[in-house]
Structures are given as structure tokens and as C-alpha cells.
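Visitor: Here are the chains, one letter per residue:
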Amino acid sequence: MEETAGIYFFSYSGALGLILLGVFAMVTSRHIIRIILGLMLLEAGVNLFLIIIGYRANAIAPIIVEGQNAAMVDPIPQALVLTAIVIGVAVQALALALVIKTYKAYGTLDTKELAQRIAEESGTHVIDGIPTEEKQV
Amino acid sequence: MLFWIALISVVVMLSAAVAVLLLENYLAATAALSVVSLALSVLFIVLQAPDVALTEAAVGAGVSSVILAITLRRVGLWKIEGEK
Amino acid sequence: MTLLSGLIFTIGLGLLLIVVIKSLIFEQVLTGGIGSIILEQAPNDVGTANIVSSVLLAYRGLDTLGELTVLFVAATAVGLVLGQPRPDAPRDPDAGFILRSAADLLFPFMIILGAYIILHGHLTPGGGFQGGAILAAAFFIPILASPSSPLNHKVSSLVEGLAGSAFILIGLLALFDKGYFLAPLLGTGEVGELFSAGSLPLLYLAVGLKVGAELAGLLARLHETEV
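Chains as they are written, first to last, in the working numbering: chain L, 1 to 137; chain C, 1 to 84; chain U, 1 to 227.
This is chain L alone, in the form it adopts within the complex:
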């Protein structure tokens, strides 16, 4: 029982750490690639969290082997995470394709510089890092 508690504790702290590091990277970074890296860390953390929810102590993987009657872990979160990982890669590829296109158009990937360029191009002001049409107060 001691071992199970340890596995639960470490896995939950791992999931928590990945989620928080990912969110921190997404909130504080200025470079677009770093933001996407943060998004992927966040995604990995959420997947781990879902898998731990299905875990049972002293249970085996949900694969039937002859002559074995032990309890099995919950298969539903595993099927969910399986699809989530593949979709995550598709989303990441789409985001990176947009990054390549942005770099071709503006020559930079820093969000502050990008906001400046876009503001200059469209004749607007940058307020809180976002190009807006309103006058700066």
C-alpha cells in the first residue's frame, strides 16, 4: 500500500508540475516558439492527469492474458488520451505552419516586435501588446 501511495503522489506532482510549467511558459514568454513549447508541456501534463485518474492499485494493464484474473485499470481514460496525443500533434503542426508563415511575412517571431510591425502597417496603436484602433490614453 505504501508503494501505491508513492506512485500516486509522484504522478500527481509530475502532472501538476508539467501543467504549471507549461502555463508559466505560455504566460511569461515573448517568443512564439517558446509559447508553443509551453503549450506542449501543458498538454503532456493534462494527459498524465487523465491517466492517473484511471489508475488502480495492484491492477494490471487492460490486456487479457490467459490464466490471469487480476483487476484491470480503467480503459476509458486511456482511449481518450490516445486520441488526445495524436490530435495534439496535429494542432502543433498547424500552429507551426502559421509560425512559418508569420516569419515569412514579418521576419520576426517576438510578439512585442510583431505587434509593433502590425500596428505600423495598419496605422493603429499598441495598447497592452495588442494593436487597437483607439487612441492611447
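Any given hint could turn out to be false.
Chain U is faced by these chain L residues, among others (derived, beta-carbon under 8 Å) [unchecked claim]:
1. Gly6
2. Leu42
3. Val46
4. Ala90
Mimicking DMTMM-like on lysine to aspartate or glutamate, the simulated pairs with C-alpha atoms at most 25 Å apart in a straight line are [what the hints assert, rightly or not]:
5. L:Lys101 - L:Glu113
6. C:Lys79 - U:Asp45
7. L:Lys101 - C:Glu24
These aren't lab readings, by the way, just hints derived from the structure by calculation. This one's a predicted model, so the numbers in the text were calculated from it and none came from an experiment. The C-beta atom is built at its ideal place from N, Cα and C for all residues, glycine as well.
Starting from the structure of chain L, add chains C and U where the hints point.
Guide: Okay, now just chains C and U, sitting in the frame of chain L:
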């Protein structure tokens, strides 16, 4: 036994995740992200999810790192040395 | 300033998540008891040894179809955003001798490994998604080694389209035969045999080919983009 495997993989995973945030070189950060995925797939084995572990190793550590590396090459961030 | 506010936000989120985890009762069944019902009935209903694949393709087969649609839309959008390269666009030079010969050597083994993982998806860990990723890698490594011989996008889209239609076709056949979309066909067979689980290996083959063609096309599309 499983206890120690879980402990080691979580420590490796979190330190690699911190490295993803701190490394200046984006190619190195991509490699660190691959390490995160591999440690995560070991942890999935401990949590009795071999299907998910295989997917994470093939898709998360393989395909996704390759996509990131190609993008870095296309946007001119492919640098082996640690210059900014 | 951004660092400080980001830190405060992250700490707050962390406290919230700790409270959520604290309130979870370990060992509690959070999927409404469906998991244990599926564990009991899957061998008789579908006949797979690997229960995760029976959830993916039989019980929640419609979700997998939706997921394939998401993948298809993402791959199409990447193609749309990046566009076709000009035929006279400069290409990367070929890689060195070691990488080129290693790519030629690896290709058949990776195809075999991918096919094995796809076809044994109903017995052992693995299946269409993992095997498809390995197939995509098998087709992408030669492109990486010699960029002058690009992937034929027409063939990859043809394979992708055929695999996707095969998945839907099997589902429609089940709809007319059994009354449910993607219901298991062809009987269950003996659990643990290679030819068991009815139409599920065929579905996994379709998923594997579709995922493989899509990921290979996606990687090649990103690789071909001009610098």
C-alpha cells in the same frame, strides 16, 4: 521497484521541463521536450497504460520533435552553438 | 512585471489544482462505472484481448472517426497555409553517405514494424495510431536523407482518402447489417488469436494507413517549404 521507477521518471521529466523553459537555444529546448515525452512514456508504463506509452513515444517524442526541428530550420533558429 | 504577474497567476492555478487533487478520492471510479462494465463485456462483445482498442474502435468508434476528421482538417489546413513550393525553388542538399545508406537499410524494417504494430493492435499494446506514426517515419527518413526525391503527394492523398472511405464503408455495412454504426462484424472469433475480433483489425488497418499517410504528407509539406 515501481516506486523508484516512478520517482526517477518524474524527476527526469520535471528537470527536462524546466530545461525547456530555461535553455536559450531552441534546438536544445526541442531535445529537452523529447526527453520529457520519453520520461512520460516510462511513467505511463508504471501507470499500466502501455498503449498510451507507445503512442507517446512514437508520436510525442518522435513525430512532434521532428516537426519542431523542421520549423526551427525554416525560421532560421537552427543553431548548434548557444548564441542568441 | 510580466514575470511577476505570470508567477502569481501560476501559483494561484497551482493552489486551485492542489485543491482539486485533494478532493479526488483515490481509487474512485470517475467514469461512472462504465469502465468496469466494458472490462467485463468487451471479450464477449468484440473479442479483443486489448480492451483499449475495443473502446477506441467499437464502443467509441464514432469518436475515432471524429478524431480522424480533426487530423484530416489539420493536415489540409497545413497544406493550405504553406501552399505549393515553386518547382524551381532551391532545395536542401542531400545528406551524407551514412544517413543515406542508413535510410535505405532502415526502410524495410520500419515498414515491417509498423505493419506488425497495426495488425496486432487488437492483441498487444499498439494499433493504428502508433503503427501509423512509425509508417510515416519510415517514409519521411528517406526524404530527410535525400531532399531531391520528394514525397508524391498525390499518392499519399489517395491512400489517405481510400483509408478514410474504407473506415466509413465498414461502419455503414455494420449499420445495415447490425443496426448500429461501426458495430463489430464477422463474429468475434477466439480471444487472443490473430484472426479474431471480426472487422476490428480491418478498421485498425484503415486508421493506420490514414494516420501514416496524413503524418507523412504533413512532415513532407513542412520540409518542402521554402526557406
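Visitor: Determine for every hint whether it applies to the structure shown.
Guide: Do the hints match the structure? See the list:
Annotation: interface hint on L:Gly6 violated; nearest CB of chain U at approximately 12 Å, more than 8 Å. Contact between L:Leu42 and chain U, as hinted, is not supported at the beta carbon level, the nearest pair being about 11 Å apart and thus beyond 8 Å. Residue-level restraint check for L:Val46 is violated (minimum Cβ-Cβ distance to chain U is 11 Å; threshold 8 Å). Hint status for L:Ala90: holds, given a least beta-carbon distance of 4 Å to chain U, under 8 Å.
A hinted pair counts as satisfied when its Cα atoms are at most 25 Å apart, and L:Lys101 with L:Glu113 qualifies at roughly 16 Å. Distance hint between C:Lys79 and U:Asp45 is unfulfilled; the C-alpha atoms sit about 54 Å from each other, more than 25 Å. Between L:Lys101 and C:Glu24, the direct Cα distance comes to roughly 23 Å. Compliance with the 25 Å bound is thereby established for this hinted pair.
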